[in-house]
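Undergrad: So the chains spell out like this:
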Amino acid sequence: EDKVVQSPLSLVVHEGDTVTLNCSYEVTNFRSLLWYKQEKKAPTFLFMLTSSGIEKKSGRLSSILDKKELFSILNITATQTGDSAVYLCAVRGGGSSNTGKLIFGQGTTLQVKP
Amino acid sequence: GAVVSQHPSWVICKSGTSVKIECRSLDFQATTMFWYRQFPKQSLMLMATSNEGSKATYEQGVEKDKFLINHASLTLSTLTVTSAHPEDSSFYICSARNPGTAVSYEQYFGPGTRLTVT
Chain A
958 EDKVVQSPLS LVVHEGDTVT LNCSYEVTNF RSLLWYKQEK KAPTFLFMLT
1008 SSGIEKKSGR LSSILDKKEL FSILNITATQ TGDSAVYLCA VRGGGSSNTG
1058 KLIFGQGTTL QVKP
Chain B
64 GAVVSQHPSW VICKSGTSVK IECRSLDFQA TTMFWYRQFP KQSLMLMATS
114 NEGSKATYEQ GVEKDKFLIN HASLTLSTLT VTSAHPEDSS FYICSARNPG
164 TAVSYEQYFG PGTRLTVT
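Chains as they are written, first to last, in this note's numbering: chain A, 958 to 1071; chain B, 64 to 181.
Honestly, the hints are just simulated from the structure, not real lab data. Keep in mind the model is a prediction, meaning the values are calculated, not measured. Here a beta-carbon is modelled for each residue, glycine too, at the ideal position from N, C-alpha and C. Please note: incorrect hints may appear among the correct ones.
[Stated by the list, open to error] Chain A is faced by these chain B residues, among others (derived, beta-carbon under 8 Å):
(1) 71
(2) 73
(3) 105
(4) 109
(5) 125
(6) 149
(7) 151
(8) 152
(9) 170
(10) 173
(11) 179
(12) 180
[Said to hold, decoys possible] Each computed SDA-like pair below joins lysine to any residue, with the alpha-carbon atoms no more than 20 Å apart:
(13) 83/B / 69/B
(14) 998/A / 129/B
(15) 998/A / 117/B
(16) 960/A / 106/B
(17) 104/B / 117/B
(18) 997/A / 177/B
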């Protein structure tokens, strides 16, 4: 059965700290791994990773994928209170028709204190 | 970026009634839309994949007769929760694929619909 596991499930840090969120997966016919940020409503897209070892960066956020070890990390440096959210990892896997179906992890709830 | 809307944003209904939730892609044509359910403090669980003009594909454990999905046009999919019960109370989120983008499998999420069944 395909699954995506995130750790830790929750994290509390102070502003300025650096955090690393983990996502491991077991998915048939892996195609891509995506990170989303969810505040009060629907998830907003952060990154999509398809190739191993290539870091994606956007400001203070960065992410990298290891296809051999089947995991990805999301790093946030110099955290701010606005980074407080649930971070979701999702993997797009196989299926003959490749509909783009995503399998989500449980999410990591990050709280950044002032 | 692509915009997906949902209506209503929240709804309260009585047990036994049916509720329809709409998902619209506002500035692109979505050949595929997805319906997710999210319980408090849990992740998104895919309920079904909806392709325009054909029957939806439901995930294991999701009752297709209870959660009716219609994707009648390239910009609209609807989810009808029939004979709703309190345990159906949840946050329902749709997403849509925009095949016209460079990242053709990227999904754009709607803002979600909070359903409370009393």
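Undergrad: Residue 149/B was flagged as interface toward chain A. Is the shortest Cβ-Cβ separation under 8 Å?
TA: violated (23 Å)
Undergrad: Classify the hint on residue 173/B as holds or violated, based on whether any CB of chain A lies nearer than 8 Å to its CB.
TA: Holds, about 6 Å.
Undergrad: Would the hint on residue 151/B be counted as holding, given a Cβ-Cβ threshold of 8 Å to chain A?
TA: Given a least distance of 19 Å, the restraint on residue 151/B is violated.
Undergrad: Does the closest beta carbon of chain A sit nearer than 8 Å to the beta carbon of residue 180/B?
TA: Given a least distance of 20 Å, the restraint on residue 180/B is violated.
Undergrad: For the pair supplied as a hint, residue 998/A and residue 129/B, confirm whether the alpha-carbon distance does not exceed 20 Å.
TA: violated (25 Å)
Undergrad: Mind checking the alpha carbons of residue 997/A and residue 177/B for me, to see if they're no more than 20 Å apart?
TA: Status holds; Cα separation ~11 Å.
Undergrad: Interface hint check: residue 105/B, Cβ to nearest Cβ on chain A, cutoff 8 Å. Holds or violated?
TA: holds (7 Å)
Undergrad: Take the shortest C-beta to C-beta distance between residue 179/B and chain A; is it under 8 Å?
TA: With a minimum Cβ separation of about 16 Å from chain A (threshold 8 Å), the hint on residue 179/B is violated.
Undergrad: Should the hint that residue 125/B touches chain A count as held when the rule is a Cβ pair under 8 Å?
TA: Residue 125/B check fails; min Cβ-Cβ to chain A is 13 Å, beyond 8 Å.
Undergrad: Between residue 83/B and residue 69/B, does the CA-CA distance stay at or below 20 Å?
TA: This hinted pair holds, its Cα atoms lying about 11 Å apart.
Undergrad: Hint residue 71/B vs chain A: min CB-CB distance below 8 Å?
TA: violated (13 Å)
Undergrad: Double-check residue 109/B for me: the hint is only fine if its C-beta lies closer than 8 Å to a C-beta in chain A.
TA: Cβ of residue 109/B sits 6 Å from chain A, so the hint holds.
In summary, the numbered hints that this structure violates are 1, 2, 5, 6, 7, 8, 11, 12, 14, 15 and 17.
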